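Asker: Grab the two chains, each in its own frame, and use the hints to assemble them into the complex.
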Amino acid sequence: MEAELIYIGLAAVFGIFMAWGIGANDVANAMATSVGSKALTIRQAILAAAVFEFLGAVLAGGAVTATIRTGIVDAGLFADTPELLVYGMLASWLAAGTWLLIASKNGWPVSTTHSIVGAIVGFAAVGIGIDAVQWGQVGTIIISWVVSPLTAGLIAFLIYESVQRLILRQDDPLDKAKRFVPYYIFLAAFTTTLVTLLKGLSHVGLEISVANSYFLAVAIAAAIAIVGALAIRRIQPDPKLEKKQHFYTVERVFGVLMIVTACSMAFAHGSNDVANAIGPLAAVISVAQTGMVDSKSTIPAWVLMVGGSGIVIGLATFGRHVIATVGEKITQLTPSRGFAAELAAASTIVIASGTGMPISTTHTLVGAVLGVGLARGIDAIDLRVVGRILVSWVVTVPAGALLSILFFFVLKNVLP
Amino acid sequence: MVNVLASLFGASPVQPLEKHIDIAYQSSKLLIPFFEAVIAGDWTKATEIRERIVAYENEADDLKKQIRLGLPKSLFMPVPREDLLELLLVQDKIANRAKDVSGLVLGRKMQIPAVMAEDFMGFIRRTVDAAKQARKSVRELDELYATGFRGAEVNLVTNLIEELDRIETETDELQIRVRASLFAVESTLDPVNVVFLYRVIELTGEIGDMAERVGRRLELLLS
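Residue numbers (the numbering used here), protein chains in the order written: chain A, 1 to 416; chain B, 1 to 223.
Rather than coming from a laboratory, the hints here were simulated on the basis of the structure.
Keep in mind it's a predicted model, so treat the numbers as computed, not measured.
Hints may be right or wrong, so weigh each one.
To be verified - Taking lysine-lysine pairs in the DSS-like style, the calculated list, with each CA pair at most 27 Å apart, reads:
#1 B:LYS132 - A:LYS240
#2 A:LYS38 - B:LYS132
#3 A:LYS38 - A:LYS243
#4 A:LYS240 - B:LYS73
#5 B:LYS73 - A:LYS329
#6 A:LYS176 - A:LYS243
#7 B:LYS132 - B:LYS19
#8 B:LYS29 - A:LYS243
#9 A:LYS243 - B:LYS132
Next comes chain B alone, as it looks inside the complex (with noise of 0.2 Å):
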C-alpha cells in the first residue's frame, strides 16, 4: 500500500545540506593541527591528520552525490534547484581544498620558514573562521525554509553574511602579509620549494574565497 501523503514530499534538501557544510567545515579545521604539526615537524602526526581529512572529504563527497541524486528535475521548491546545487558544490570545494593543500604539503614533505610560521598559522586560522562562518549562514537554512525566506530570519541571515565577507576580507589581508614575509626570504630558500609555498598560500586562501561564495550563493536564495 503506497500512502498518497506519503509520497507527495521528496526529499528535503535541507538538513542534508546543513549536515555537508558541517562536513566542509570540520575537515577545514583540522588544517590548523595539521599546520601546526608540519611546523613542529612531526609528519606521522601530520599524516595522520591528512587522513582525516581526506575521510571527511570523502564522506562530504558522498553526501553530495546522495543530496543531487535525491533532487529530481520533478521537485517543486521554493528556491530553484539550481541556486542549491550550486551552493553545494561551493560547499564542497572548502573540503576538497583542504584535501588538496594537504595533500601537497606532505607529499613535498615542506617545511615553512620559521619566520613566516607565526603569520602562516594566523592566515590558517583566519581561514577556519571563515568556513566556521559559513557553516552558521547555512545552518540558518531551514529557518529560512520556514518563514518562506522573508522577514526577521532573513535579516539575522545577511548580518552572518555580512560577519562572513569581513572575515573572508581579513583572511585576504592576511595572506597578502604571509605572501610578504614569503617574499622577504625566498632568495635564502630553495627556488622550487619557493614556488610551491606559494601553491599552498594560493590554495588555502581559496578556502576562504569558497566560504565566502557560500555567503553569495545563501544570498540569492534571499533574493
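Same shape as in the complex, but just chain A (with noise of 0.2 Å):
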C-alpha cells in the first residue's frame, strides 16, 4: 500500500507540475490577441481564461484524457504487472517533461502533445513489448496531427474569405459589422456547445439526449449572441480614428466576437491538453486503486479538477508575463483576423476533444493563421516557423520515445 500511495504522490506532483506549464506558456495562444487588439484588459484575460480553460478541462477533458490513459498502450497485457504500467506513465512524464524543457530552451516549436504520446508509446515498445501498443489507434492520432491544423486552417480561410465578402469590402462596413457579427458570436457559442454537450459530458456521468443536446446549444448560442448584439449596439463610431483608420469602429466591433472566440479558444485548450497533465495520472490513480489496469472506469471528477487547477497555477503565476509578451507581437492579428483564427482552431480542437483525439493546440491554433493568411489577411507570416513545426514533428516523437525507455528502465530499477 505504501508503494501505491508513493506512486500517486509522484503522479499528482507531475501532474500539476505539468498542468502549471501548460497553463503558463501555451494558454496565452488563446487570450493574447485579444489583449493585443485591447478586446479586454489583461486581468480580464486572465480571468476569463482561468474560467474557461477549468471549464474545458472538467467538463469536455474526460475523452482526450481516456485516450491518453488507456488508448495507446494495450491495457490488458499489464494484467498480471500493472506496477510496469505506472513506471511507464511517470516515465513518460519526465521524458515529455524532459524534451520539452530541452526544446524551449532551443525555441523548436515543440508540441507537449506530441511529445507525450512519442512517450507513451516508446517505453510501451520497448519496455514491455511492439504488440503493448494499440498502433492502430496510434496511427488514427498521427493522422490527426495532419489533419486537424489543415482543417483548422481551412476553416479559417472560408469564414475570413466571408468576413471579406460580407462586412470589409462593403460600402458601409460598420453597418454591415453590426448586422452579421451576431451571427458569427452564434456561430462560435454553438459549435463548442454542442460538441460539449454531445460528446465532453458523458465522461462526467452526465448523459444528455442528442436532440436535447442540439435544443440546449441553440439556446445557450442564441443568449450569448443576444448579449453580444446588444454590447455591439452601444459601439458608436469615433470620427477622430476613423479618419486615420477607417476599419477603426468595425474592429472594436469584432472585438466583442473576439471575446467569444477567445473564451472559446481557452475552453477547447483545456479540453485537449489538459490530459497531458493528467492522462498518465488517471493512469496510475487506477492502477494503484485496483491493482490493475481497468479501461472501462471513468476517470474521477477530481483529477480532472486538479489538472484544471494546475493550468490555472500556471496562468495566473506566469501566463500573465507571457500574454503581454505575445499579445505586442501578434498585432497583425487585428479582431476581424484573430476571431477567424481563433473560431477555426477551437471549432477543430473541441471536435477532436469530443472524439478522444490529442492534437497539439497550438499547432492547429497556427494552421488557422495561415488559413487566414491565405484568405491575404496577414501582413507577414515567417514561413521559416512553419518549417521548424514541419521539422518538430518528425523529431518529437522518436525524440520523446527514446528519452522515456531511458527514464522507464530506470524507474524500474529504482522504484519498489
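Answerer: Shown next, in the form of C-alpha cells:
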C-alpha cells in the first residue's frame, strides 16, 4: 500500500507540474490576441482564461484523457504486472517534460501532446513489447495531427473570406459588421457548446439526449449572441480615429466577437491539453487503487479538476507575462482576423477533444492563422517557423520515445 | 521560452511604409518655405530649412534600410515582396530629390529671376500637393491589407490615384510654363545660372514624377 501512495503522490506532483507548464505557456495563445487588440484588459483575459480553461478541462477533457490513459497502450497486457504501467506513465511524463525543457531552451516549436504520445508509445513498445502498443489507435492519432491544422486552416480561410465579402469589402462596413457579427458569435458559441454537450459531458457522468443537446446548444448560443448584439449596439463610431483608420470602429465590433472566440479557444485548449497533464495520472491512480488496469471505469472528476487547477495556477503565476509579450508581437492579428483564426482552431480542437484525439492545440492555431493568411489576411507570415514546426513533428515522437525508454528502465530499477 | 504563435508573424511592412511616405512628404513640403526664403534672399533661413530637409531624408533612408531588413525572402505576404520594395524605392526618391534640389540651390546661392518667381512657386506648391496625395494613397495600405485588396476599398484607392494623376499632369503643365518664362528671360541672365535653373526645374519636376510612380506602384498591388 505504501508503494501505491508513493506512486499516486509522484503522479499528482508530476501532473500538477505539467499542467502548470501548460497554463504558463500555452494559454497565452488563446488570450494574447484579445489583449493585443485591447478587446480585453490583461486582468479580464486571465480571469476569462482561468474560468474557461477550467471548464474545458473538467467538462470536455474526459475523452482525450481516456485516450492517453488507456487508448495507446493495450492495458490487457499489464494484467499481471500493473506496476510496469505505473513506471511507464511516470517515465513518459519525465520524458515529455525533459524534451519540452530541451526544446524550449533551443526555441523549437515542439508540441506537448506529440511529446507525451511519443513517450507512451516508446516505453510500451520497448519496455513491454511491440504488441503492447495499440498501433491502429496511434496511427489515427498521428493522422489527426496532420488533419487538425489543415482543417483549422481551411475553416479559417472560409471564415475570413466570408468576413471580407460580407463586411470589409462593402461600402458600409460598420453597418454590415453590426448586422453580421452577432451571427458569428452565435456560430462560435454553438459549435463549442454542441460538441461539449454531445461528446464531452458523458465522461463526467452527465447524459443528455441528442435532441436536447441541439436544443440546449441553440438556446445557450442564442443567449450569448443576444448579449453580444446588445454590446455591439452600444459601440459608437469615433470620427477622429476613423479618419486615420477606416476600420477602427469595425474592429471594435469584432472585438466583442473576439471575446467569445477567445473564451471558446481557452475552453477548447483546456479540453484537449489537460489530458497531457493528467492522462498518465488517471492511469496511475486506477492501477494503484484497484491493483489492475481497468479501461472501462470513468475518470474521477477530481483528477480533471486537479488538471484544471494546475493550468489555472500556471496562468496566474506566469501567464500574465506571457500573454503581454505575445500580445505585443501578434498585433497583425486584429480582431477581424484573430477571431477567424480562433473560431476555426477552437472548433477543430473541441471536435478533436470530443472524439478523444490528443492533438497539438498550438499547431492547430498556427494552421488557422495560415488559413487567414491564405485569404490574404495577414501582412507577413514567417514561413521559416512553419518549416521548423514540420521538423519538430518528425523529431519529437522519436525523441519522446527514446527518453521515456531511458526513464522507464531507470524507474524500474529504482522504484519499489 | 519562444512562443510559436508570436514567432509566426514577420514584421509587418505596412505601418513602416506609411511612416516612410509621411517622412518623404514632410521633406518635400519644406521646399515651399525653402524657396520662399531663397526668393527673399534670406540665406540663413534657407540653410536652416535645408538642414531639416536633409534630416528628413536621412530618417527616410534609415527607415528604408530597416524595412528592407525586415522583409526576408521567407515571408509569406498577400502581395509580392518585390512590389513593396519598388514602392519603397520610389517613395524614397521623393525625399532624395527634395534634398538634391535644395542642395543645388543652396550650394550655388542661386537667384530665382523675379519675373518667373510666381510661376515657379506655383509649380513647387503643386508638386508638394502631388507628394501629399501620394501620402494619402499610401496611407490606405493597411485598409487594403484588411480587405485582401478587393471591394470598396480598392475603388477608394483607385480614385485617390486618379486624383494623384490629375495633380501630376497639372505639375507638368506648370513646369512647361516655368520653363517658358525662364526661356523668355534667359538671354539676359548668366548662361551658367540658366543651365542650373533648368536643372532645378527638372529635379523639382521629378518629385512630381516620383509621386505619380508611387501611384503606379500602388496600382500594381491592386491588380
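Asker: Each of the hints needs a verdict: does it hold here or not?
Answerer: Here's how the hints hold up against the structure:
no. : hint                : verdict
1   : B:LYS132 - A:LYS240 : holds (20 Å)
2   : A:LYS38 - B:LYS132  : violated (32 Å)
3   : A:LYS38 - A:LYS243  : holds (19 Å)
4   : A:LYS240 - B:LYS73  : violated (37 Å)
5   : B:LYS73 - A:LYS329  : holds (20 Å)
6   : A:LYS176 - A:LYS243 : holds (19 Å)
7   : B:LYS132 - B:LYS19  : holds (13 Å)
8   : B:LYS29 - A:LYS243  : holds (22 Å)
9   : A:LYS243 - B:LYS132 : holds (16 Å)
In terms of the numbered hints stated before, the structure departs from hints 2, 4, listed from lowest to highest.
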